[in-house]
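Chemist: Build out the structure end to end from the sequences listed, making use of the hints.
For the sequence shown, counting from 1, position 86 maps to 635 in the working numbering; every step adds exactly one.
Incorrect hints may appear among the rest.
Claimed, not checked - Below are the BS3-like pairs computed for lysine-lysine, each with C-alpha atoms no more than 30 Å apart in a straight line:
hint, residue 1, residue 2
1, Lys-657, Lys-635
2, Lys-635, Lys-653
3, Lys-644, Lys-657
Stated by the list, open to error - Here are the simulated distance ranges between beta carbons:
hint, residue 1, residue 2, range
4, Phe-569, Gly-744, 39 to 45 Å
5, Lys-718, Asp-687, 48 to 54 Å
6, Gly-633, Lys-657, 15 to 21 Å
7, Phe-696, Phe-645, 21 to 27 Å
The set of hints was computed from the structure by calculation and includes no laboratory data.
All C-beta atoms in this analysis are idealised placements derived from N, C-alpha and C, irrespective of residue type, glycine included.
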Amino acid sequence: MDLVNIPDLVNFFSRFGNEFAYLAVFSTLILCGFGLPIPEDISLVSGGVLAGLGYANEHVMFGVGMAGVLVGDGSVFLLGRIFGEKVLRIPFIAKFLTPERFSKVQEKFSQYGNWVVFMARFMPGLRMPIYLTAGTSDRISFFRFLFLDMFAAAISVPIWVYLGHYGAKNLDQLSNLVRQGQITIFALLGFLVLGLVLYFTIKKKRSNK
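Modeler: What follows is the structure, encoded as structure tokens:
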């Protein structure tokens, strides 16, 4: 996460005032789902900072954050579901999802199933390609996708929003807290991936007997 961008994004959101701060964060999160070059985490932390500075309510901002994330992710999934593999011909999609990358993501689905959708929430660079690929495949329904995405978002979104709210008055301290939060999340994700690899390895060996 490029923490230098947090004050800039907070200043940008605060220009909309109390009435439109929620809309600004919500809209940014939707665009993040489509590959806007602003990390989603920064937008969520900035939303929490806005609440800490009195521009918004932290609990409402959490709800707005969840809604923005789910609408953005769901829209990317539906784009893949509606257009199928033809979506790879759309210029701005082709920048993020080459045929080679599309093929690799499909392989991950074959290996780990729908858990790939859950894990993608914690992998910023792969999130959009994975959700788009999930939409183009018949491996997962929209409602199951939304459930897994919401389950993962319920872990990440409150961490960043409430962390931003807590550290709003001291951005230096907030920077350290965000780094610690990232390390913790990636460590937990690593343990989850390791567990899934062991699970599917054992399952494969048993099926080959």
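Chemist: Taking the numbered hints from earlier one at a time, note which ones the structure violates and give those numbers from smallest to largest.
Modeler: none
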